[in-house]
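Given chain V, work out where chain R should sit, using these hints.
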Amino acid sequence: MELNINGIQHHVDVEPDTPLLWALRDDLAMTGTKYGCGLAQCGACTVLVDGQAVRSCVTPVEKVAGASITTIEAIEQDDLGKRVVAAWVKHQVPQCGYCQSGQVMAATSLLRQVPHPTDADIDAAMVNLCRCGTYNAIRAAIHDLASGSTDGGA
Amino acid sequence: MVNGLFDDAPLMQQGPVNLSRRRFMLTSAGAATGAFVLGFGLPARQARAQAAKGPKYRGTQVPAFLEIRPDNTVRLQSPFIEGGQGTFTAMAQIVGEELDADPSTFLVENAPAGDEYAVMDSGMRITGGSMSVRNGYPAMRRLGALGREMLLQAGAQHLGVPVSELTTQPGQVVHAASGRTVNYGDLAHVAMDLPVPDPASVKLRDPSQFRWIGKSVKRLDIYGKSTGKVDYAIDVRVDGMLHAAVQHAPRLGMTVGSIRNEEQVRQMKGVHSVHRLPGAAAVVAERWWHARRGVEALLVNWVEAEPGAASDIRVMPADFSTEEFRKHLATVSGKEENAETRGDVTRGLKNAHTVVEATYFSQYVNHGQLEPPSALARYNPDGTLDIWLPNQAPDMFRADMARRTGMDAEKITIHSPLLGGFFGRHFLYDHGSPYPQAIALAKATGRPIKLIWTREEEFLRDALRPMAAVRFRAGLDATGRPVALDVVSATEGATEGLGTKRGKDLDPTALEGLTNKAYDIPDRRIAQLFVRNPATLGYWRSVGNSMNDFLYETFLDELADKGHQDPYELRLHLLRDNRRLTTLLKAVADLSGGWKRGPFTAADGSRRARGIGMASPFGSEAAAIAEVSIENGRVRVHEVWEAIDPGKVVNPAIVEGQVNGAIALGLSQVLLEETVYENGMPRARNYDGYPILALNQMPRVHVKIVESGEKMGGVGEPPLPAIPPAVANAVSTLTGRRIRSMPLSRHDFAS
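Which chain is which? The protein sequence lines are V and R, in order.
Just so we're aligned: the first sequence equals residues 77 to 230 in our numbering.
Just so we're aligned: the second sequence equals residues 146 to 896 in our numbering.
If we strip away everything but chain V, and leave its shape as in the complex, we get (with noise of 0.2 Å):
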């Protein structure tokens, strides 16, 4: 199975059936896409697939042999993911950080569909649970991202 993970061609010896997280996660070595419910309830193991969030632990690899995927290892080669980090960052976003890479994820997909969300928007698309609470700080983060006063360089 061939994959283009973070504009790089991988090769992978799985089932075409096998989840896009556990190929990332044991064949390529990329574990920073977390394992948290293999259900898609949780958001954790959030990637982009042709700029969408996936939830890639229930993604066959053969529905996204073509693709180009994103994951968060290449978060800040992208102009928006670099902004996010850096909004996260600045808004000392983290607790645990386990959710953390799927929030990441998920807040630079919703800000390359909608640049300007509101607090619907933010409510529809950041669906990701986070169990240290820090659901006020991602919404702080996102508003200073779409109002534009956060750079890159924080």
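Hints are computed from structural coordinates only; laboratory data are not their basis.
Incorrect hints may have been included.
[Said to hold, decoys possible] To list a few chain V residues with every Cβ distance to chain R over 10 Å, as calculated:
1) GLU78
2) ASN80
3) GLY83
4) HIS87
5) LYS139
6) ALA143
7) LEU156
8) ALA222
[Claimed, not checked] Subject to a maximum C-alpha distance of 27 Å in a straight line, what follows is the list of computed DSSO-like cross-link-like pairs (lysine-lysine):
9) R/LYS849 / R/LYS363
10) V/LYS158 / R/LYS363
11) V/LYS166 / R/LYS363
12) R/LYS856 / R/LYS360
13) R/LYS360 / R/LYS793
14) R/LYS414 / V/LYS139
15) V/LYS166 / R/LYS793
Backbone N, C-alpha and C fix where the C-beta goes; we use that ideal spot for every residue, glycine too.
Frame of chain V, contents of chain R only:
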């Protein structure tokens, strides 16, 4: 700077690497010329450090804690584990303040097991009970000051001047007379070889001169956590490792009988082997996905535990139901053991103008930390064992591993990566952690094993926050104020719930939050009616207070209503002789724009009300006000104001983050969470059946930190317990329906 620090950390490396801490430390010592790596495999220095260890002072073995590198970064071995609560940053602030080194130059790791890191007053080492900063504060300040003394001594040798002529500035020894400076990193190789000075001799910095303690220093772990660069236990890899997954017995106590399709599963793609473990079946494979598919395909005949067999296991009965257990707790009679008495409650109730009686309930809840449990075990050729796992007490875990394996504890190296969620989940719970299984599988296969529990297997073996039914009887005087209070809680505490035998004394965690309330009620009794739980119990963020302050504070509002008292004014009256809590209660009212109970109509046209809750958990004080409305029959929380007084604080921004997080968990509990058992099984095995608070349910949060200057209290847990009652009291006011149990999702408020 921060990302540079993380780039060097051993657990952050990409790809399959050998992660033996010992080997890494020695390698890095060899690679970085002049770097001073201490405390591991260096018996001479350890022996020297031993000399500085006295019964009076803990954590004085400076070389075991500090490595200062040639680039002036400070590597600190923290006695307390980082699980999101900000402890690593706080430790860098405290040590850095006295060492005279900027906290941003610190790289902090969880220290290995070992007596030298037992810095707590108790002589133990546990990250929990919101103890780290308040209990580590004196030792870690002293540690920094001792380190600075040693650097000054080395500076005197280096510059050839008397130590009395030297001072420091961040990261440097300074000789003012000649204008010369030397970086700590250039002195460390000499400094850390010097004897540790007498701990009694060091002079600590005057708090008025603090540069970092008390300031909102940026957290050290933010960039790494925002870019997926930090590794949790679940991410660790070692050479030659195999992956494992388990299928737990549906009920604790059952064992594997036969496996009907063992041979077929062994033939499945990628499967290495199939194993029988105590209370579980396991599949080992080259990849975890294969292990998981294999183990889910296993058809196991589970055998019931033998009735009456002596066992250290809490055998889960086949007919256990939380609904039935709730009824049992509400009606069971038995010995009532007094935990707190004042005055004469019998007389107080007899003389009361009105007596109010009600029974209140708390539910089981799961931890629900986002990182599923895992353990990586590796036997080494020399017979030693390395193990990586999330844990909040390395020495206790290591002792348990020694007991289970029959190995000498010294031959077990425990690695404690960052925790992907804390909340009390990573304490030592029998059957609650995968490490015994990982060790057994590593032994059986002769290969390193990384075992990850699926979320479903985690929900089956998580330790639960206890249930309780609390019978309240209160007497009101002629003015409608409470003068007598009798409280009997049918429950089992989390601590006594860890084992199968009850301790001699009452478990304080059973009743905390019913006991130690500051309200001036002259005649009272708080008692426990012990009821053994079939489920395995554990600590959940803010432990007994997580439920007991809900139970007490909502009943207090019921009393206020019965006595025609305003709940805010009544609390002020009952706290009239307590200046600290009066100040705090007024502070939260002010923060909310003045106490306004409602119901009232908000600007958006919704009907709303506000409620109050207070709590005195873990050495701190908290008061909260919540504003709620009803939307489509469900409670919506719009605003939460919380004032917290932890005495004094080390990092206000981290405190505010912890208040936000505790509010989220408190809301999650009161609005949504309940672990339901039917037929001995949890109904929910994943987040789909066990919803937790999501972003769109998070209210605006307003925090006021009150530094009363009282003894330093905890921060991670104390903001939680006031939240559930604040919400429930607001809902009672808004709907006119008395709320006596959680979660509110059990109630339909449409009508």
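For each hint, the structure was consulted:
With a minimum CB-CB distance of about 18 Å to chain R, V/GLU78 clears the 10 Å threshold, and the non-interface call stands. At roughly 19 Å from the closest C-beta of chain R, the C-beta of V/ASN80 stays outside 10 Å, upholding its exclusion from the interface. With a minimum CB-CB distance of about 16 Å to chain R, V/GLY83 clears the 10 Å threshold, and the non-interface call stands. Non-interface call for V/HIS87 relative to chain R: holds, since the shortest CB-CB distance, roughly 15 Å, exceeds 10 Å.
Annotated as non-interface, V/LYS139 keeps its C-beta farther than 10 Å from every C-beta of chain R; the closest such distance is 15 Å. Against the 10 Å criterion, V/ALA143 stays outside the reach of chain R, whose nearest CB is about 20 Å from its own CB. The beta carbon of V/LEU156 is kept farther than 10 Å from every beta carbon of chain R, the shortest such distance being approximately 14 Å. Separation of V/ALA222 from chain R is adequate, the least Cβ-Cβ distance of about 16 Å exceeding the 10 Å criterion.
A hinted pair counts as satisfied when its Cα atoms are at most 27 Å apart, and R/LYS849 with R/LYS363 qualifies at roughly 19 Å. Pair hint V/LYS158 plus R/LYS363 holds up; C-alpha atoms about 19 Å apart against a cutoff of 27 Å. A distance of roughly 9 Å separates the Cα atoms of V/LYS166 and R/LYS363; the hinted pair therefore holds under the 27 Å criterion. Only pairs whose Cα atoms come within 27 Å are accepted, and R/LYS856 paired with R/LYS360 is accepted, the gap being roughly 18 Å.
As the CA atoms of R/LYS360 and R/LYS793 are separated by approximately 11 Å, the hinted pair is consistent with the 27 Å bound. Simply put, R/LYS414 and V/LYS139 have alpha-carbon atoms about 21 Å apart, close enough for the 27 Å limit, and the pair holds. With a C-alpha separation of about 25 Å, the suggested pairing of V/LYS166 with R/LYS793 holds against the 27 Å cut-off.
In this structure, every one of the numbered hints holds.
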